[in-house]
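S.K.: Top to bottom, those sequences are chains A and B.
Residues 24 to 315 in this note's numbering are what the first sequence spells out, letter by letter.
Residues 31 to 357 in this note's numbering are what the second sequence spells out, letter by letter.
Quick caveat, the hints were computed from the structure, so don't treat them as lab data.
None of the values given here were measured: they were computed from a predicted structure.
Just so you know, even glycine gets a beta-carbon here, dropped at the ideal spot from N, CA and C.
One thing to keep in mind: the hints can contain errors.
Straight-line C-alpha distance at most 20 Å; calculated SDA-like pairs for lysine to any residue [unchecked claim]:
(1) A/Lys171 <-> B/Thr161
(2) B/Lys97 <-> A/Met168
(3) B/Lys95 <-> A/Phe166
(4) B/Lys321 <-> A/Phe251
(5) A/Lys171 <-> B/Pro102
(6) B/Lys319 <-> B/Glu100
(7) B/Lys321 <-> A/Phe166
(8) B/Lys319 <-> A/Lys46
(9) B/Lys321 <-> B/Gln109
(10) B/Lys319 <-> A/Thr167
(11) B/Lys319 <-> A/Val255
(12) B/Lys97 <-> A/Thr167
(13) B/Lys95 <-> B/Phe317
(14) B/Lys319 <-> A/Leu111
(15) A/Lys46 <-> B/Gly256
(16) A/Lys171 <-> B/Val90
(17) B/Lys321 <-> B/Tyr111
(18) A/Lys46 <-> B/Thr161
(19) A/Lys171 <-> B/Val79
(20) A/Lys171 <-> B/Ala101
(21) A/Lys171 <-> B/Gln109
(22) A/Lys171 <-> B/Gln242
(23) A/Lys171 <-> B/Gly82
(24) A/Lys171 <-> B/Phe85
(25) B/Lys321 <-> A/Thr167
(26) B/Lys321 <-> B/Pro102
(27) B/Lys97 <-> A/Gln170
(28) B/Lys321 <-> A/Lys46
Computed far set for chain A versus chain B, every beta-carbon distance over 12 Å [claimed, not checked]:
(29) Gln90
(30) Thr167
(31) Asp176
(32) Phe251
(33) Leu254
(34) Asn260
(35) Thr262
(36) Gly286
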Amino acid sequence: MAAVTEVAPGPTSRPDERHRRGKARWAVLAGAAVVALVMLVPFVIMLLNAFKSPSDYSQHGPLSWPQEVYTQGLKNFWDRTDFPVKLLNSIFISAVVSVAGVVLSLLNAYAIGIGRIRGRLWVVTLFLLATMLPQEALIYPLFTMAQKVGLSDSQWSVIIIFTVIQSAFGTYLLASVLGTFPPALLEAAQLDGAGRWRILWRVVLPIVRPTMVVLMIFFFIWTWNEFFIPLVMLTTNDTQTVPVALASLQGDRMMDAPTTNAGALVSLLPALIFFLIFQRTLTRGVTAGSVK
Amino acid sequence: MSIESIETATAAHPGAAVATTSSARRPRRRSSRLGYLPYLVPGAIGFAVVIGIPFVMNVVYSFQKWKGGEAPHHWVGFQNYVDLMHDAQFWTSFRNSIAMIIAMVVIPTLIGLLLASVLFDYLGKTFGSRTAAFLRATYYLPQILPVVVAGVLWNWILNAQTGAVNVLLRSLGVENPPNWLGEPKTALASVMLMLVWVQIGYPVVVFMSALQRVDPELYEAAELDGAGWWRRFRAITIPQIRPETFVVVLTCTVAALKVFGPIYVLTRGGPESSTLVPSYYSYLNFFDKSKVGYGAAIANVLTLVIVVVAGIILVAQARYERKEGVR
Chain A
24 MAAVTEVAPG
34 PTSRPDERHR
44 RGKARWAVLA
54 GAAVVALVML
64 VPFVIMLLNA
74 FKSPSDYSQH
84 GPLSWPQEVY
94 TQGLKNFWDR
104 TDFPVKLLNS
114 IFISAVVSVA
124 GVVLSLLNAY
134 AIGIGRIRGR
144 LWVVTLFLLA
154 TMLPQEALIY
164 PLFTMAQKVG
174 LSDSQWSVII
184 IFTVIQSAFG
194 TYLLASVLGT
204 FPPALLEAAQ
214 LDGAGRWRIL
224 WRVVLPIVRP
234 TMVVLMIFFF
244 IWTWNEFFIP
254 LVMLTTNDTQ
264 TVPVALASLQ
274 GDRMMDAPTT
284 NAGALVSLLP
294 ALIFFLIFQR
304 TLTRGVTAGS
314 VK
Chain B
31 MSIESIETAT
41 AAHPGAAVAT
51 TSSARRPRRR
61 SSRLGYLPYL
71 VPGAIGFAVV
81 IGIPFVMNVV
91 YSFQKWKGGE
101 APHHWVGFQN
111 YVDLMHDAQF
121 WTSFRNSIAM
131 IIAMVVIPTL
141 IGLLLASVLF
151 DYLGKTFGSR
161 TAAFLRATYY
171 LPQILPVVVA
181 GVLWNWILNA
191 QTGAVNVLLR
201 SLGVENPPNW
211 LGEPKTALAS
221 VMLMLVWVQI
231 GYPVVVFMSA
241 LQRVDPELYE
251 AAELDGAGWW
261 RRFRAITIPQ
271 IRPETFVVVL
281 TCTVAALKVF
291 GPIYVLTRGG
301 PESSTLVPSY
311 YSYLNFFDKS
321 KVGYGAAIAN
331 VLTLVIVVVA
341 GIILVAQARY
351 ERKEGVR
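Work out the full structure: start from the sequences and follow the hints.
M.R.: Laid out in structure tokens, this is it:
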């Protein structure tokens with residue numbers, strides 16, 4: 024994910040004279056371009072039909088250019104789902120989880136990677152196993168527990184659950200990064216009289232910050248895209264997230280072609296925008312974390 | 031989607047976990063190690079509340095008959111598991127898991143290897159790396175959007191009456207275009223098609239970044255020796271990026287066994303259970319049929335299958351690395 028649109032510089036960045044011959048290269052390029060086109064077709068169809076009136080659609084089909092810009096579909100979807108509320112819900116849940124999840128990961132990783140506590144291999148294994156668990160094996164107890172403590176239909180239940188689930192992976196990653204932390208830095212800080220708490224925030228944090236930023240972005244996107252747990256835990260309109268709102272409109276009579284497509288479009292835009300803003304950070308961050 | 035991105039991060043740190051266990055550093059006194067334990071307390075509490083206790087409770091539920099809520103719990107021992115063995119839908123759901131693995135692991139990994147290698151070793155050199163990067167970004171696009179959004183979009187595209195595909199087919203003169211998601215014969219293949227579309231970008235991106243750490247001199251030497259693209263692909267590309275291939279296969283297989291969202295929005299397991307998967311079957315029993323114990327048993331079997339399959343892949347990887355090391 025990190026390297027997506029970042030152009031790879033390096034020895035191969037300029038076309039090589041040796042390869043500039045022959046017609047076969049055009050065939051290969053055409054083949055790769057056809058695959059790219061096939062990947063794009065659903066997006067193109069979505070864009071073409073998000074702003075096309077239903078009568079226009081039934082007359083001219085999915086591939087025609089819209090006769091006029093029809094915004095009723097977007098309005099339908101927007102009002103029906105109360106989209107701004109869903110958007111804020113998604114942003115709130117994802118943002119809190121990304122920050123809390125990274126802090127929790129850092130605390131765990133500090134004990135495991137720097138503190139090198141006994142049984143750390145077991146702890147890491149346990150966390151890795153947790154990332155493999157199907158959410159179905161946890162959902163019903165979580166659901167009843169949330170009801171008992173008064174967190175049913177509360178976004179905080181979802182936030183707590185995802186903070187822990189995301190930090191399972193974050194702990195694994197950060198612990199391995201901290202496992203290679205230069206001991207000289209720690210010893211110098213200790214000689215200066217810094218305690219563990221101070222060392223964590225003043226020495227360790229600044230150095231692993233790039234990795235933490237990457238983790239934060241991942242956690243945000245992953246939480247944004249989550250579906251199963253929000254579907255079960257968030258049962259009313261006021262608390263639901265964007266994917267749940269979109270999915271719950273399915274089968275609705277008013278979901279005609281423009282409404283469906285406009286709904287899909289505005290539901291994927293935030294993820295796309297977020298990705299485009301941060302993709303450079305992602306590229307830089309991953310490299311900064313791995314190259315020591 | 032969560033798993034899909036783990037790959038990238040893990041791929042960026044191959045062998046990262048090993049670092050934690052190597053004791054290159056001077057051992058410190060035990061008392062100073064104990065001082066780090068408080069930092070694990072929030073994580074331990076969170077883990078216990080969200081993962082540990084619920085998991086144990088789920089195992090307990092699976093030995094009960096319980097309709098949920100205030101209804102009484104009846105202890106039935108292994109009855110739920112015995113029932114599972116005689117439940118045709120249960121077996122169907124796991125048979126469909128194999129289809130999910132084909133659609134999310136086998137096909138994307140094979141096509142991804144090919145595409146990554148063509149982009150890196152041929153098109154990148156012939157047309158410049160900008161072309162390659164642009165194509166890669168295009169392949170990756172479906173990975174960015176929430177998988178549920180992708181599902182809703184495809185649900186409409188494949189809709190029998192108003193969907194883009196059938197409207198188009200009718201305008202081309204096809205009298206009765208198939209009801210893609212509504213017929214047992216075509217539903218599973220349609221779901222698989224959408225999953226292939228979603229998945230392909232992931233291996234392409236991981237493999238291309240893996241290829242960047244391969245010494246270019248290997249390729250140059252092979253070329254000077256007259257090795258064509260296919261021989262370079264077999265002799266250099268595939269062996270060199272084997273670690274990343276294992277990571278992709280592992281993460282995607284786990285994701286394929288867990289798949290829920292696309293099934294929920296595309297077919298709800300139907301028609302006639304032709305697209306039923308274990309996670310959805312478990313959900314159905316929990317919240318639709320109010321058979322909590324039975325749903326819990328399905329979820330536990332699924333957990334066991336995931337752990338065993340992941341274990342097999344990890345052992346295969348360890349074996350392979352050992353063999354490589356000896357050579």
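S.K.: Report the numbers of all earlier hints that the structure fails to satisfy, in ascending order.
M.R.: 1, 8, 14, 21, 22, 28, 30, 32, 33 and 36
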